[in-house]
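**Student:** Working from the sequences, and respecting the hints, build out all of it.
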Amino acid sequence: MRRYVLSRCGQAVPVLFGVTLITFLLTHVALGDPVRAMMGQRADPEVVARIRAEYGLDKPLWHRYALYMGKLLVGDLGYSYRQGRPVSETLAERLPATVRLAVAAMVVALVFGMTAGIVAAVRHNTGVDLLMMTLSLLGISTPVFWLGMMLILLFAVSLGWFPISGYGDGAFGHLVLPALTLGALQAGYIARMTRSALLEVLRQEYVRTARAKGLKERVVILKHGLRNGILPILTLAGIGLGDLLVGAPLTETVFGWPGLGRLLVAAVGNRDLPVVLGATLLFALIYLGANLVVDLAYALVDPRVRLAE
Amino acid sequence: MSERVRRGTERSVRGLFPGQWQWSPGMVLGSLILLFFGLMALLSTLLAPYDPTRIPEGLQGFSLLPPRGDHWFGTDLLGRDLLSRVLYGARISLLVGIVVELVVTPIGVIIGLFAGYFGGRMDSVLMRTTDAVMAFPALVLAIALTAVLEQPGLLSVIIVLTAVRWTTVARLVRVQVLSLREAEHIAAIVALGAGKGRIIFRHLLPNCLAPILVAMTFGVASNILSEAGLGFLGLGIQPPMVSWGSLLAEGVVYLTAKPWLCVFPGLAITCTVLGFHVLGDGLRDVLDPRLRS
Numbered sequence: 001m002r003r004y005v006l007s008r009c010g011q012a013v014p015v016l017f018g019v020t021l022i023t024f025l026l027t028h029v030a031l032g033d034p035v036r037a038m039m040g041q042r043a044d045p046e047v048v049a050r051i052r053a054e055y056g057l058d059k060p061l062w063h064r065y066a067l068y069m070g071k072l073l074v075g076d077l078g079y080s081y082r083q084g085r086p087v088s089e090t091l092a093e094r095l096p097a098t099v100r101l102a103v104a105a106m107v108v109a110l111v112f113g114m115t116a117g118i119v120a121a122v123r124h125n126t127g128v129d130l131l132m133m134t135l136s137l138l139g140i141s142t143p144v145f146w147l148g149m150m151l152i153l154l155f156a157v158s159l160g161w162f163p164i165s166g167y168g169d170g171a172f173g174h175l176v177l178p179a180l181t182l183g184a185l186q187a188g189y190i191a192r193m194t195r196s197a198l199l200e201v202l203r204q205e206y207v208r209t210a211r212a213k214g215l216k217e218r219v220v221i222l223k224h225g226l227r228n229g230i231l232p233i234l235t236l237a238g239i240g241l242g243d244l245l246v247g248a249p250l251t252e253t254v255f256g257w258p259g260l261g262r263l264l265v266a267a268v269g270n271r272d273l274p275v276v277l278g279a280t281l282l283f284a285l286i287y288l289g290a291n292l293v294v295d296l297a298y299a300l301v302d303p304r305v306r307l308a309e
Numbered sequence: 310m311s312e313r314v315r316r317g318t319e320r321s322v323r324g325l326f327p328g329q330w331q332w333s334p335g336m337v338l339g340s341l342i343l344l345f346f347g348l349m350a351l352l353s354t355l356l357a358p359y360d361p362t363r364i365p366e367g368l369q370g371f372s373l374l375p376p377r378g379d380h381w382f383g384t385d386l387l388g389r390d391l392l393s394r395v396l397y398g399a400r401i402s403l404l405v406g407i408v409v410e411l412v413v414t415p416i417g418v419i420i421g422l423f424a425g426y427f428g429g430r431m432d433s434v435l436m437r438t439t440d441a442v443m444a445f446p447a448l449v450l451a452i453a454l455t456a457v458l459e460q461p462g463l464l465s466v467i468i469v470l471t472a473v474r475w476t477t478v479a480r481l482v483r484v485q486v487l488s489l490r491e492a493e494h495i496a497a498i499v500a501l502g503a504g505k506g507r508i509i510f511r512h513l514l515p516n517c518l519a520p521i522l523v524a525m526t527f528g529v530a531s532n533i534l535s536e537a538g539l540g541f542l543g544l545g546i547q548p549p550m551v552s553w554g555s556l557l558a559e560g561v562v563y564l565t566a567k568p569w570l571c572v573f574p575g576l577a578i579t580c581t582v583l584g585f586h587v588l589g590d591g592l593r594d595v596l597d598p599r600l601r602s
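Here the protein sequences line up with chains Z and F, keeping their order. Read in our numbering, the first sequence has 165 at position 165, and its numbers run on one by one without any break. With the second sequence counted from 1, adding 309 to any position gets you our numbering.
Hints were generated in silico from the structure; no laboratory data involved. Do not rely on the hints blindly, as some may be mistaken.
Said to hold, decoys possible - Have a look at the derived ranges for each label pair, beta carbon to beta carbon:
no.: 1; chain 1: Z; residue 1: G84; chain 2: F; residue 2: T565; range: 33 to 39 Å
no.: 2; chain 1: F; residue 1: L487; chain 2: Z; residue 2: L222; range: 35 to 41 Å
no.: 3; chain 1: Z; residue 1: L21; chain 2: F; residue 2: L501; range: 28 to 34 Å
All residues carry an ideal CB built from backbone N, CA and C; glycine is no exception.
**Tutor:** Here it is as structure tokens:
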């Protein structure tokens, strides 16, 4: 196990390197000359030259990348043009709301997705199966933000059950609609995966044995079927975290949710590039971290994974 | 070349043409849905009851009308007919979805073929690059790139989506090539002394076509959703051009008071994407025998 952990972490290093290289290059394409961008075209050339030297902008590209990495390692992402304070501070402030939303959405996705998948598999080739699969197909076909709008119209405007938007100081009611919105896509994928994984397992002989020895159907499905079919579902949920992050900018914009996604969108509007690139990098790091954890968890549950390495 | 080898390759290519298919229900339904929206886009100039950009005289009487006889989908703030705008929007949304996929697929195929066939250092460099791009949630990277490109518009949407979406096909093709490399008929061709180019393009590529076609179908759906997302955030198509995403961006301001402005463009996106998903599922059932139950 220890060897697997080490090798898996080792694999993450070049990717991490690539990710920082991409954000670094974006910074440079974007800014062209960051000092000009900050000070405008009419700045005194001498002052510009001095600041350029101060920030190391007169150095070759690889040198600047090294400087950039050096700063990154101590968590320095530069200053926001708009807010005049460190980007890392702004990001840290917005991160909890996004994490809260993503976790809630994942719970929604797992609960609804697995339930729908199990029901569809148990009632294979019936109207219920068709209904569940149609619903999950709708879940993966509906644009996240449009679903959010429709949920607002139905549950907030017409029925008045939940608030239309906002964070509400963390009140639970404010979390429900955004979490449903963001979780729907994943619920669709998980339902499809659960159904096919369970159908596969239920064909196995040990399931027939379980039935033959007179176990209740519920026990057969949940203990013998689901437990053996759950691994691909967990992997999918891990990958799905990436999709949740994709949906975050859209969902947060629809619901006025004060998270990273909305910060990113607002920063693009304000042309606040350090914030844009800082948030982009943070999204990638969260995604990589989550995938690492899922892979390690997978190896912990299934010895075949770590032995194959 | 041995008869068996040649037949193996030919069959996989010929299998891609409709006459050879058993049409699955999914393919029929998906094709019908897409035919409907495709015709809508192609014939939008004929079908649209009004000019989608025309602001009627006597604006007050036409602004934000709810759906009714002469405006089936209602009108927007400037009195423009929403049905006409949704019809014209279909052109841009489908165009972006399909063009991006047509650009992305050859890029991904070449990268995947090279990484899978040559292996070694070429494989590591190409795949670590793919991993790095994939580490960014696609829409987040697309948003960041849009910020960098300065001028949002049709071209920037296509460029940005191309930059983030080639990875799926590259991975898919690589995995396919890795397993094919071990296959008997490829080994036979190598033994017959075929050149690298011939092996890659005449024998490996044709055998990858079926999964590529399925991936393209899902890819277009994904591109349409991404375009809508960018458009909704105001980072996509800019006026006077309309796409379904930009219509939603205009409509969301009036979401609670004039919901039809959002309902219709959103329905159009959902149905089209649904069509591609149904078609993709159907294609996969037919083309991938392993999944047939």
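**Student:** Compare the structure with each hint and give your call.
**Tutor:** Now for the hints, and whether the structure bears them out:
1. G84(Z) x T565(F): 33 to 39 Å: For G84(Z) and T565(F) the Cβ distance comes to about 36 Å; the hint holds.
2. L487(F) x L222(Z): 35 to 41 Å: For L222(Z) against L487(F), whose Cβ atoms are near 37 Å apart, the range 35 to 41 Å holds.
3. L21(Z) x L501(F): 28 to 34 Å: At 42 Å between Cβs, range violated.
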